[in-house]
Amino acid sequence: MEQAFWQSRWQKNEIGFHESAPNALLVNQFQSLGLQPGARVFVPLCGKSVDMLWLCQQGVDVVGCELSALAVEQFFREQEVTPAVHQQDGFTRYSVAGLTVWQGDFFSLNAAMIGPVDAVYDRAALIALPPAMRETYARQLLAITGAARQLLITLIYDQSVMEGPPFSVDQAEVCRLYEASMTCEPLMSGPLAGGLKGKVDATEAVWLLTAKTSMGI
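Heads up: the sequence shown runs through residues 4 to 220, numbered per my numbering.
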């Protein structure tokens with residue numbers, strides 16, 4: 004999707020993808036990542052997700068990336084914290100103890116900027132992207148995180164009934180994007196309560212992606 008599309012969604016407050024409570028699948032499957040206290044978790048296309056706060060409460064440090072400055076500013080305001088703000092390499096970096104958000108274009112981010120990453124949490128990034136952008140996204144994510152283990156949440160539904168975003172990303176697509184570099188392990192799946200936007204039945208799936216010994220990034 005064009006950047007203007009997402010900027011407009013935030014400006015119009017059309018953010019049905021935002022969840023006001025920590026994602027239940029994250030809470031249920033977080034331990035699958037096997038992280039130690041002080042580990043660093045990267046959250047791509049993070050919006051103002053309260054999942055970042057929940058992750059911090061589990062004793063890990065969080066690094067997010069979000070295109071919309073409005074989303075980032077709302078996040079810190081709603082959490083009633085005042086971040087340090089710095090300009091760096093075309094991004095605005097917002098930081099408080101244990102949490103940093105890079106505001107800017109995810110595809111311009113590099114590994115040196117975000118630092119070492121132990122895990123990735125992707126709930127609403129991959130499924131936000133149309134098919135033409137996913138391969139570039141996956142390649143960039145692997146490159147900047149050193150193919151860190153990943154907790155990935157996807158949706159599967161009949162795309163002919165409703166257009167994305169969020170888009171349907173099935174097992175074949177997950178494997179196509181990642182299996183050259185990562186072992187793709189399905190952890191769980193189940194029906195999305197109420198369907199997707201009340202229009203179509205959908206299934207949520209949770210994946211654990213783990214780097215293979217020889218990575219083809």
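FYI, nobody ran anything at the bench for these hints, they're computed from the structure. This structure is a prediction, so every number in the text was calculated from the model and none was measured. There's no promise every hint is true.
Claimed, not checked - In silico SDA-like links for lysine to any residue, alpha-carbon gap of 25 angstroms or less:
hint, residue 1, residue 2
1, Lys200, Asp161
2, Lys202, Leu28
3, Lys200, Met136
4, Lys215, Cys178
5, Lys202, Ala146
6, Lys215, Ser11
7, Lys200, Arg142
8, Lys200, Ala42
9, Lys202, Gln174
10, Lys200, Pro133
11, Lys202, Pro168
12, Lys200, Ser111
Cross-check of the supplied hints:
Using a Cα cut-off of 25 angstroms, the hinted pair Lys200 and Asp161 holds, with the two alpha carbons roughly 13 angstroms apart. With a C-alpha separation of about 22 angstroms, the suggested pair Lys202 and Leu28 falls inside the 25 angstroms cut-off, and the hint holds. Between Lys200 and Met136 the CA atoms are separated by roughly 23 angstroms; this keeps the pair inside 25 angstroms, and the hint holds. Between the alpha carbons of Lys215 and Cys178 the distance comes to roughly 13 angstroms, so the proposed pair stays at or under 25 angstroms and holds.
Simply put, Lys202 and Ala146 have alpha-carbon atoms about 36 angstroms apart, too far for the 25 angstroms limit, and the pair is violated. A threshold of 25 angstroms between alpha carbons decides the hint, and for Lys215 with Ser11 the separation of about 39 angstroms lies outside it, so the pair is violated. A C-alpha spacing of about 30 angstroms is found between Lys200 and Arg142, which places the hinted pair above 25 angstroms, so the restraint is violated. Taken as a hint, the Lys200 and Ala42 pair is broken in the structure, with Cα atoms around 35 angstroms apart against an allowance of 25 angstroms.
The hinted pair formed by Lys202 and Gln174 meets the criterion: a straight-line CA distance of about 22 angstroms does not exceed 25 angstroms. A C-alpha spacing of about 18 angstroms is found between Lys200 and Pro133, which places the hinted pair at or below 25 angstroms, so the restraint holds. The suggested pairing of Lys202 with Pro168 holds, with an alpha-carbon distance near 13 angstroms, which does not exceed 25 angstroms. Straight-line distance between C-alpha atoms of Lys200 and Ser111 comes to about 32 angstroms, which puts the hinted pair past the 25 angstroms bound.
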